[in-house]
Structure formats: C-alpha cells, structure tokens
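**Q** Residue numbers (this note's numbering), protein chains in the order written: chain A, 1 to 550; chain B, 551 to 819.
Heads up, some of the hints might be wrong.
[Unchecked claim] Using C-beta positions, here's what the derived DEER-type ranges look like:
hint, chain 1, residue 1, chain 2, residue 2, range
1, B, Lys655, A, His338, 42 to 50 angstroms
2, B, Leu792, A, Lys372, 39 to 47 angstroms
3, A, Val346, B, Thr690, 47 to 55 angstroms
[Claimed, not checked] One side of the interface only, derived from the structure: several residues of chain A facing chain B at Cβ under 7 angstroms:
hint, residue
4, Thr200
5, Phe429
6, Asp503
The set of hints was computed from the structure by calculation and includes no laboratory data. This structure is a prediction, so every number in the text was calculated from the model and none was measured. Positions of the beta carbon are idealized from the N, C-alpha and C atoms, including for glycine.
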Amino acid sequence: MTASSTKGAAKPASTRAKPANKAESAADWVDGRLGLYTLAKSNLRKIFPDHWSFMLGEICLYTFIIIILTGVYLTLFFNPSMGEVVYHGSYAPLDGIRMSEAYASTLRISFEVRGGLLIRQIHHWAAIVFVAAMLVHMMRVFFTGAFRKPREINWLFGFLLLFLGMFDGFMGYSLPDDLLSGTGVRFMEGAVLAVPLVGTYLQMFLYGGEFPGTDIVPRFFTIHVLLIPGIMLGLLVAHLILVFYHKHTQWAGPGKTEKNVVGMPLMPVYMAKAGGFFFLVFGIISACSAIATVNPIWAYGPYRPDQVSTDAQPDWYMGFSEGLIRIMPGWEIGLWGHTLNLGVFVPLMVFPLVLVAIAVYPFIESWVTGDKREHHILDRPRNAPVRTGLGAAWISLYLVLLIGGGNDLLATHLHLSLNDITYFVRVGFFVVPVITFFVTKRWCLGLQRRDKDKVLHGRETGVIKRLPHGEFVEVHAQLPAAKLHTYTAHEQPQPLELPAEFDENGVKRKVGVIAKTRAKLSQGFYGEGTQIPKPTAEEHHEITSGHGHH
Amino acid sequence: MKKLSARRRHPLAALVVLLFALAATGGLYAAFAPAEKAQADSSVQTLAIEEGKKLFAVGCSSCHGLNGEGSSDGPSLVGVGSAAVDFQVGTGRMPAQQPGAQVPKKKTIYSQPEIDQMAAFVASLGPGPVVPGKEQYTSTNPDDVAKGGELFRTNCAQCHNFAGQGGALSQGKYAPALDGVDAKHIYEAMQTGPQNMPSFPDGIMPEEQKRQIVAFVRHTTNDEPNPGGLTLGSLGPVTEGLFGWIFGLGSLIAIAIWVAAHTTKAKKS
Chain A
1 MTASSTKGAA KPASTRAKPA NKAESAADWV DGRLGLYTLA KSNLRKIFPD
51 HWSFMLGEIC LYTFIIIILT GVYLTLFFNP SMGEVVYHGS YAPLDGIRMS
101 EAYASTLRIS FEVRGGLLIR QIHHWAAIVF VAAMLVHMMR VFFTGAFRKP
151 REINWLFGFL LLFLGMFDGF MGYSLPDDLL SGTGVRFMEG AVLAVPLVGT
201 YLQMFLYGGE FPGTDIVPRF FTIHVLLIPG IMLGLLVAHL ILVFYHKHTQ
251 WAGPGKTEKN VVGMPLMPVY MAKAGGFFFL VFGIISACSA IATVNPIWAY
301 GPYRPDQVST DAQPDWYMGF SEGLIRIMPG WEIGLWGHTL NLGVFVPLMV
351 FPLVLVAIAV YPFIESWVTG DKREHHILDR PRNAPVRTGL GAAWISLYLV
401 LLIGGGNDLL ATHLHLSLND ITYFVRVGFF VVPVITFFVT KRWCLGLQRR
451 DKDKVLHGRE TGVIKRLPHG EFVEVHAQLP AAKLHTYTAH EQPQPLELPA
501 EFDENGVKRK VGVIAKTRAK LSQGFYGEGT QIPKPTAEEH HEITSGHGHH
Chain B
551 MKKLSARRRH PLAALVVLLF ALAATGGLYA AFAPAEKAQA DSSVQTLAIE
601 EGKKLFAVGC SSCHGLNGEG SSDGPSLVGV GSAAVDFQVG TGRMPAQQPG
651 AQVPKKKTIY SQPEIDQMAA FVASLGPGPV VPGKEQYTST NPDDVAKGGE
701 LFRTNCAQCH NFAGQGGALS QGKYAPALDG VDAKHIYEAM QTGPQNMPSF
751 PDGIMPEEQK RQIVAFVRHT TNDEPNPGGL TLGSLGPVTE GLFGWIFGLG
801 SLIAIAIWVA AHTTKAKKS
C-alpha cells in the first residue's frame with residue numbers, strides 16, 4: 001500500500017455543495033480562515049513505514065509531553081527560594097530542622113499536596129526515561145544511517161534536544177535544594193572554578209556571590225521551567241516538521257525505493273496507533289512512579305554545605321561526567337600564583353567532546369566517503385561495519401565512564417576495591433573503545449558472510465537426508481525472493497581514490513595532506529576488509545540452478 | 551618503767567618493737583580499709599575475668615596474644631575497653647575468619663554471657679570504654695529522630711550514606727550498611743571506632759547526641775515506611791537510572807514492538 005491515496009480525506013472546498021451537517025459547516029468555517037483542507041489533504045494521508053524502532057522517537061515525544069504536564073502542576077506549589085525557614089510540616093523526622101523554602105515546599109508537595117508525590121515521581125521518572133529514549137532513538141538513527149543527507153540538520157536538532165534535555169534534567173535535580181542536589185550544585189561550582197583565568201569570575205556571576213548564596217535556585221528555576229523547555233519545544237516542532245518534510249526512512253524490501261515510502265497512512269492508522277501509544281507510555285511511567293521511589297528528598301535532608309552523603313551521583317545522563325571526574329588523577333599546576341586545576345579542567349573539556357562527537361559525525365562521514373546523495377533506505381548495521389564499529393565504540397566509552405561514575409556502588413555490591421575499579425576505568429577509557437571497534441567490525445563482517453551464505457545456499461532446515469551412498473546431508477531451503485532482495489539490496493560503495501600520481505603529461509600532481517588523509521580514511525571506511533562482496537545474481541543462479549542440494 | 555628501760559638494749563628488743571609496729575599497722579589497716587567491697591567484687595568479677603581469660607586464650611590469643619598484648623596479626627587490646635569486645639564479638643566480626651581489607655559482620659558464635667566474660671578480661675587489661683547501659687542508647691524523646699538525622703548527615707552520611715545503607719572506602723574497605731544493627735552496637739561503634747571508623751568519645755560527641763543518632767538510624771533503617779514506594783536500595787540515582795532504563799524504557803520498547811507487530815488488518819497487496 002503505497003502513498004498516493006487521497007480519497008475521502010477532503011474534497012476541494014470550491015466544488016463542494018451545501019454543508020451536509022453542522023460539523024462540516026464548522027470545518028468549512030475553519031478552512032476559510034486557516035486553509036485547513038489543503039493542510040489536511042497533504043498531511044492526513046501522509047505515509048509512515050511500520051517498524052518498532054521508528055516508535056522510539058515517539059517515546060521521547062510523549063515523555064516530553066508528560067514532563068511538561070506534570071511540571072506545570074509542580075510549579076503551582078514549588079517555591080524557588082533559598083530563604084531559610086524552620087520546618088514544622090507533616091514529615092516528623094525533619095521537624096524543627098532549618099531548611100530553604102525550596103526544600104520545604106518540595107516536602108510540602110511530597111506530603112501535603114494532593115497527588116503531589118505521585119506527580120513529582122512521574123515528572124522525575126519521565127525525565128529519566130526521556131533522556132534514555134532520546135539516546136536510544138539516536139542510536140537507531142545512527143546505526144541505520146538515517147542521519148545521512150537530507151537529514152543532517154534534523155540530526156543536529158535531535159542532538160541539541162539531547163544536550164538541552166540533559167542540562168534541564170540536571171537543573172531540575174538541583175532545584176529541591178536537598179542534600180543530594182546541593183552536592184550536585186557544589187560539583188558544578190567546582191567545575192566552573194576550574195576554568196582557567198575566568199573561573200572565579202564566572203562562579204561569582206553564576207551564583208551571585210560565594211557558594212551557595214541565595215541566587216542559584218531561583219535562577220535555575222527560571223532556566224529549568226522557561227528558557228530551556230521553550231527552546232526544546234521549538235526544536236521539537238522543527239524536528240517533527242522536518243520529519244514530515246523529508247518523509248520517513250524505511251528498511252530495504254521489495255517495492256521500497258529511494259523515491260517512495262511504503263507504509264500506512266497517518267489518518268486513521270497512525271493517529272490511532274500513536275494516540276494509543278501515548279496512553280501506554282503515560283501508563284507505564286505512572287506505574288513506575290506508583291511502584292518505585294525516585295529522588296527521596298525527605299531522606300536526603302536539606303542541603304547544608306558542611307554535610308554530604310556517599311552515593312552522591314547525578315541522574316544517569318550526567319553519570320558519564322561524574323565518571324570523568326572520578327577517574328581523572330587530581331593533577332594541579334601552579335603558575336604565577338594561579339592554580340590550573342587539571343583534575344577538574346580536563347574532564348570539563350572532555351565532557352563536551354564526548355557529546356560533540358555525536359553531533360558532527362554525519363558531516364565527517366559524508367566528507368570521508370564523499371557520499372553527497374540522498375538516502376531514504378536504511379542501512380542494516382552489519383552492512384556498514386565501520387560506522388557500526390564506531391557507534392559501538394562510542395557506546396562502550398560511555399558505559400566505561402558510567403562504571404567510573406558509579407564506582408563506589410560497584411565496589412560495595414560486587415566486593416571489589418574502589419581503587420581497582422578506578423584503575424580499570426582509567427585504562428578502559430582508552431582501550432575498551434578500540435577493542436569494541438574491532439570486535440564489532442569483525443562481527444558485522446561475520447554477519448555479512450552469514451547473509452551471503454544464506455542467499456547462496458538457502459537456510460538450514462534441520463532436515464537430515466541420507467544419500468544413496470550413505471552420506472548424510474542437511475537439506476537447505478531457498479530463501480523467498482523478498483528475503484533475497486532484502487539481503488542484497490544494499491550497495492557496496494568503493495573508497496575514494498587519489499588521482500593518479502602523474503597526470504597525462506607525466507607531471508607529478510600535487511596532492512595536499514588533507515586529500516591524502518581523506519583518501520586514507522575513505523580506504524578505512526570502505527576499503528579492503530570492510531565489506532564482504534555481496535553475492536551477485538549470476539553466482540546465485542549458478543549455484544541454485546544445477547543440483548538440488550547445496 | 552625501769553624494767554622496760556633496763557631491757558631496752560636487750561638483743562631481742564628491736565624484734566619486739568618491729569612485731570608491735572607490724573601488728574599495729576596491720577590492725578589499723580584491717581580496721582580502716584574498705585575491705586568488704588573489695589571482697590564482694592573479687593568473687594564475681596575475678597571469676598568472670600578468669601573465665602574470660604580462658605575463652606580469650608582459646609578464641610582470640612592466636613592473633614591478639616595470650617595477654618591481649620597484640621602480635622603481627624592483631625592489635626593490642628590493652629585499653630580498648632569492654633565496649634569494643636562487646637561490639638566486635640557481639641556482631642560476629644571477631645573472631646576474624648581471615649585477614650583482608652576489612653573484617654565483615656557474620657554470625658555471632660559466642661553467647662552474650664561468654665562475650666561479657668571476655669569483655670571483663672579485656673577491660674581488666676587497661677581502662678577503656680565500658681559497655682553502655684540500656685538507658686544510654688534508648689531514646690525516649692520523639693524529637694531525637696530529627697536531631698539525630700542532622701547529626702547523622704553531618705558526621706556519618708559521608709561514609710554510611712544518607713539512609714544508613716553503607717558505602718565504599720578505599721582499597722576494598724567499606725562502611726557497612728546499618729539495617730538491623732542493634733542500638734547497643736551502634737552506640738558502641740561510635741564509642742570505640744571499630745576497624746576503619748573514627749571513634750566519637752563522649753568528649754567529642756556527648757552521650758545525648760549519640761543516643762539521638764541511634765534513634766535516627768533505628769528509625770530510618772527499621773521503622774519508616776517509605777512514602778514513595780520501593781526504595782530501590784536507597785542508594786541514590788545509580789539504582790534509579792538502572793530502574794528507569796530496565797523497567798521504564800525496557801517495558802516501553804517491549805510495548806513498541808508489540809504495537810508495531812499488531813498493525814491494522816489492511817489488505818495486503
């Protein structure tokens with residue numbers, strides 16, 4: 001069922017007779033003012049291909065909506081102030097303790113506001129799942145090559161959403177002014193102070209004085225509820241508009257080309273599916289929030305700069321920055337009376353690099369491979385071994401850093417030495433991604449060989465046949481034509497070649513360093529050992545025509 | 551007097567005087583010394599020390615030496631006091647199973663009377679913290695939990711975690727979790743500073759504050775129902791992240807696969 005049907009959605013307004021009923025006349029009224037029919041005609045029958053991995057972005061969208069809905073409710077009761085009060089609320093174990101109004105109002109939300117604790121937990125669980133879903137969504141886009149032309153800009157929008165989502169999450173975590181969030185804000189102060197030359201000025205500017213001061217919570221509040229969500233909302237709309245504009249990518253298969261989209265129409269199929277999925281997402285998040293505590297601020301106690309608890313980690317999406325800090329040796333350099341705090345400054349610089357690597361990847365790949373064509377058919381990850389290897393290497397780096405960030409819990413729960421874990425992570429930071437790259441690449445090549453074998457020799461049926469002369473063979477069955485197409489639809493690009501060393505007149509060409517590097521990288525990407533030549537039709541014919549067995 | 555005076559140079563005179571002096575001193579001492587109390591103590595206490603010494607010789611002396619003087623395998627126990635013995639043996643940490651970064655808590659192998667006897671023996675080696683009485687560690691004031699919480703966050707949470715769930719120290723050492731620990735043992739730990747823990751003697755942390763901390767720890771680890779549902783171990787954002795990934799996103803992806811697999815029954819071309 002391809003995308004071309006227009007029947008039933010809307011007839012042009014001009015040819016229309018008298019409105020049949022009230023709904024139609026209302027629709028006519030809106031159309032006259034907003035051009036609804038044209039909009040509906042072009043978009044309601046929009047075709048989307050069907051695959052579960054295409055719904056990961058939906059999880060992001062829905063959790064974002066849940067976060068906004070619950071966030072609005074929380075702002076009705078939260079008091080973003082660092083003014084001091086003595087608590088006399090309903091949570092007895094904190095009775096008579098001095099705390100900020102921010103913390104007291106979070107306690108009030110948790111224990112006195114109707115549904116407050118559940119909403120708080122929905123807000124927080126949804127945030128945890130939101131960022132996780134964005135990362136998985138990006139992995140899907142990455143490993144299938146869906147970021148290639150024309151979708152590079154949408155990839156950047158997605159990256160910015162991830163980046164902003166992480167920081168907005170961090171600020172939300174900092175708002176309640178409990179012992180954990182205060183420790184996080186202190187961590188950030190240390191990071192700001194580690195910036196050479198201007199660190200102390202930046203810190204004073206940001207905190208409005210010495211730590212903790214009274215400004216940081218109200219400032220974070222404005223950024224957390226207004227500035228960043230506003231930007232994210234805009235990016236999200238732009239992201240979705242571009243998805244509509246580019247149309248969705250699809251897996252290779254019979255009848256699917258770079259010029260069409262095969263799937264179901266938005267109205268009614270995806271309206272129903274997506275609408276239903278929204279409620280499923282909301283339901284799962286609510287169930288999580290009803291079952292499990294997240295951020296038990298009452299147990300942490302109010303923040304005081306002289307107190308700290310162990311297990312002070314950020315929410316998981318900032319965990320890799322925690323890991324960077326924890327594994328970095330505490331180096332310091334004293335220069336002309338100034339301290340260059342490398343122990344914090346180096347992680348502070350590596351932190352954005354880890355993220356920027358994601359952002360720039362599409363541009364690097366297209367430059368290296370010289371591929372400037374449009375792509376709407378997705379790659380199977382095994383058919384792009386180098387890209388898949390690089391992605392897996394990035395994920396392994398990220399996981400190694402998460403291990404570093406949670407080293408204390410690993411130490412206590414696996415009965416290991418904290419120091420040993422830290423040494424492992426220090427070495428692993430450099431070694432594990434390299435190993436992962438090569439293992440993944442070889443794995444992909446193995447899968448390509450398997451595909452080739454299946455195409456040429458069919459699949460194993462598990463049926464053992466005894467031949468007249470006594471030999472046993474396993475019967476192989478031919479794959480259906482559709483499968484054969486899917487396994488062989490990918491193209492196998494050739495690496496860029498440097499022009500011949502001497503031109504037609506025998507004059508030595510000047511080849512720049514950049515061009516040489518590019519050719520080298522391209523060789524690494526598509527050259528020898530990066531792809532198993534896929535079976536040709538002739539090979540297939542030759543093998544399958546002759547004898548019955550393989 | 552003449553008779554006496556005449557015999558004052560008798561060879562035995564000095565001896566007689568000495569006998570008289572000794573008798574007088576002894577008699578005076580017998581009359582004035584607090585004999586009775588000393589008498590009563592020695593009968594029970596000495597017995598306990600004697601018994602404790604025997605137990606110590608069998609169970610402890612291989613590392614701590616026959617008289618608690620210590621060796622290359624175990625520290626000297628002179629001056630650690632009865633509270634240290636009551637904590638270490640009462641929580642099963644001692645006798646130690648094997649050397650290592652830290653001696654873990656395990657099943658207690660001595661009965662309380664036996665522990666008391668060993669404590670008496672070790673206490674006899676030199677003065678040290680005494681096993682606290684029940685009134686010292688049992689809080690009666692309901693405000694103690696809140697005050698204890700503040701003290702706990704200031705003094706203990708950096709190693710034992712905000713909810714007393716323990717935490718890692720360097721080189722395989724750790725601060726143990728405090729759930730299910732006896733109030734007396736918590737108090738004794740603060741008094742004596744076992745293994746890697748600093749000690750908080752009364753001069754640093756008065757008895758009342760220790761009692762408040764005990765009240766908070768007992769409340770947090772035992773009594774409090776958690777308002778938000780499962781605690782996920784009260785270990786902070788690491789377990790929350792795992793839960794969010796596995797049960798949150800994991801079930802959502804499972805549902806997405808289910809939804810995608812159950813598509814509309816449109817006619818297939």
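**Q** It remains to establish, for every hint, whether it holds in the given structure.
**A** Each hint, compared with the structure:
| no. | hint | result |
| --- | --- | --- |
| 1 | Lys655(B) / His338(A): 42 to 50 angstroms | holds, 48 angstroms |
| 2 | Leu792(B) / Lys372(A): 39 to 47 angstroms | holds, 42 angstroms |
| 3 | Val346(A) / Thr690(B): 47 to 55 angstroms | holds, 54 angstroms |
| 4 | Thr200 | violated, 26 angstroms |
| 5 | Phe429 | violated, 19 angstroms |
| 6 | Asp503 | violated, 54 angstroms |
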